[in-house]
Amino acid sequence: MRLLRNLARRRLRTALTITGITIGIWALVVFSSMANKVDALVSGGSDYYAGKIVVSDGGFGGLGGQPMRLDQREELLAIPGAEVVMPAVTMIASEIQGVSFGPPDQVFGAPAGADEGRETYVPQVASGRSLTADDEGENVTVLGSSIAQKRSVAVGGSITLHDHSFEVVGILEPTLSTPDVTIALPFSTAQRLVHEDLPALVRDQVRSADIVSQFVIFPAPGADHDAVADAIEAEFPDVTALTGDGFDESVGSSVAVFNSIIVGIGLVSLIVGGLSVINTMAMSVAERTREIGIKRAIGARRRRIIRELMVEAGVIGAIGGVLGVALGALVVVLGNEAGRSSGTVLFELTPETAVFAFIFSTLLGTVAGIVPAWSAARLDPVAALRYE
Amino acid sequence: MAILEGRNLRKTYRLSRTNSVEALRGVDVTIDSGEMVAIMGPSGSGKSTLMHVLGLLHQPDANHGAPPELAFAGRRMTDLADNQRTRIRATDMGFVFQAFNLVPTLTAVENVALAAEYAGTARSTARTAALDALGLVGLADRADHRPAELSGGEQQRVAVARALVNRPKLVIGDEPTGNLDSTRSAEVLELMRGLNRAEGHTFLIVTHDAEVGAACDRIIGMRDGRVVSDSRQAAPAAH
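So the protein lines, in turn, are chains V and Z. Residue 325 in our numbering sits at position 325 of the first sequence, with consecutive numbering throughout. Residue 123 in our numbering sits at position 123 of the second sequence, with consecutive numbering throughout.
Don't read these hints as lab results, they were simulated from the structure. Note that the coordinates shown come from a computational prediction; the quantities given were computed from them, not determined experimentally. Fair warning: there could be bad hints in the mix.
Every beta carbon over 12 Å from chain Z, so not counted as near; a handful from chain V, in silico [said to hold, decoys possible]:
id, residue
1, Leu3
2, Arg118
3, Ser130
4, Leu176
5, Ser208
6, Ser254
7, Ile262
Restraint-style ranges between C-beta atoms, simulated for each label pair [as the list claims (entries may be wrong)]:
id, chain 1, residue 1, chain 2, residue 2, range
8, Z, Arg226, V, Ile271, 35 to 41 Å
9, Z, Gln233, V, Ala15, 53 to 59 Å
10, Z, Thr12, V, Ile271, 44 to 50 Å
11, V, Ala8, Z, Glu199, 36 to 42 Å
12, V, Arg10, Z, Asp144, 19 to 25 Å
13, V, Thr19, Z, Thr78, 49 to 55 Å
14, Z, Asp230, V, Val371, 45 to 51 Å
The beta-carbon is built from N, C-alpha and C at its ideal position, and this holds for glycine as well.
Chain V with its partners taken away, still in its complex shape:
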């Protein structure tokens, strides 16, 4: 209570300082949430690519490439180190997309069990079931969590895709990554869909059953992934073979730079907030010089004066922290809610981020109070008593 009365002595100044900290923490929370989202996307991608080599014919990640032929699977299996080769079909879902953050909605189809148990990146089914070999050729689908939410559909409902109706048999748990925006179809159903989507001239020359847009290769245990990828690219000059390390290198480093920039912006705002705490506390000490002199004269130890002022500065930081985290959370929730319908989920506010921001803010305030508190404690009580 005594402490709050001290803060209330100069209400406007205290309020402005708290506002400064609040804005800094708000920026840190919002930007960190954005960085969290990017990290989740990338780590999802990184998890997906780990332990495998994805072979596609041009487009990054196999999206939008020219159709390859299914019979190339045998040739790939002949490459030393390529132990399991799983064909897959991917295509962009044709529904109109808004400006989107993260991967676009995509259709994915692979034969059930073709990974021979090697796939480690298997999103959990939240409701319904996974696709099985019995589903081949059927118009059934398992939806990622974001797609299900965006289209307001549950297991047993249906969605329309390329003018066909698909029964929803399962919905996945959220992963914050590509599976959330994936429409999984049985392999042959996906082949048929891609085939129908080809330009008429090409379509006549390709059989639906031959269509494949990427091969996922699970190398033999102990095999050098880069060597396998190099061998594939040497054998098939038109394809790209992307390893887990390759993905991390090409995406990870640019994401790290992006994240550093956005978190850096938040930190700069905080430094400004911290300077305003130093300024406030220094002015407060100057105004209270006589009072500090009295306290020292009647027996307050230096340690106690330092503690009083640092706690006061820490409370400024803590109040700014609470308000900043609350405002940041509000922006994150409103921003995500507004963007959800168009698939633009920009932020991911984790409890760690919120707790870190609060603790950081409190520490920043406390540390900013050190110098003014120290100089207050060093005052000569007699000189301070005479101070006008």
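Here the structure of chain V is known, so what remains is to put chain Z in place on it, guided by the hints.
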């Protein structure tokens, strides 16, 4: 019995590289327990400096002249570190300053309790002691008022209560009536005189005010950093 004994007390303040002031030029002084003593003298005579040295707020100079000696309650003070002197100020001394010497954001009882807390008393006990001390100075009913809500005389009485809350061996006043009109001044003086007689508190008061001097048992006169007179009064003026 002497509560405070000083010998060879010197203090020189350096105002600049070439200019310094010899505020104390070798003062010997003894204050007995239970006395009410006034230190008087013109501005610049060294009376405030003497009070700061005797109140352990400043150390006497040890780098020139005969080595200083200062004993409080029989204990040597000249070698103590800042923290130890602060501790003694908190537990065994009380201070009343000229003006504006209360913490403005705290109520009367909180101001008094603060001194008890600095002396190591728990907060709840400190509050009880503070209320008792306010009762002693006749301000029990003003305990929850802030300084701005009290008159100048009442504020000084709160300061006296704060000086007494730890039942100190010595109360030091620096012009305690300096900012009060004659009526309020007489009130505060009477309070201190009464407490000295009734409770046996030792008072050491720096003052310009002849009336304050007249109310004390003894007047130490100072000029140019030296004690020039020391007179006991057989019958101090009654207030």
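Quick rundown of the hints versus the structure:
{"no.": "1", "hint": "Leu3", "result": "10 Å, violated"}
{"no.": "2", "hint": "Arg118", "result": "67 Å, holds"}
{"no.": "3", "hint": "Ser130", "result": "65 Å, holds"}
{"no.": "4", "hint": "Leu176", "result": "49 Å, holds"}
{"no.": "5", "hint": "Ser208", "result": "82 Å, holds"}
{"no.": "6", "hint": "Ser254", "result": "54 Å, holds"}
{"no.": "7", "hint": "Ile262", "result": "42 Å, holds"}
{"no.": "8", "hint": "Z:Arg226 - V:Ile271: 35 to 41 Å", "result": "57 Å, violated"}
{"no.": "9", "hint": "Z:Gln233 - V:Ala15: 53 to 59 Å", "result": "57 Å, holds"}
{"no.": "10", "hint": "Z:Thr12 - V:Ile271: 44 to 50 Å", "result": "45 Å, holds"}
{"no.": "11", "hint": "V:Ala8 - Z:Glu199: 36 to 42 Å", "result": "38 Å, holds"}
{"no.": "12", "hint": "V:Arg10 - Z:Asp144: 19 to 25 Å", "result": "23 Å, holds"}
{"no.": "13", "hint": "V:Thr19 - Z:Thr78: 49 to 55 Å", "result": "51 Å, holds"}
{"no.": "14", "hint": "Z:Asp230 - V:Val371: 45 to 51 Å", "result": "47 Å, holds"}
The earlier numbered hints that this structure contradicts are 1, 8.
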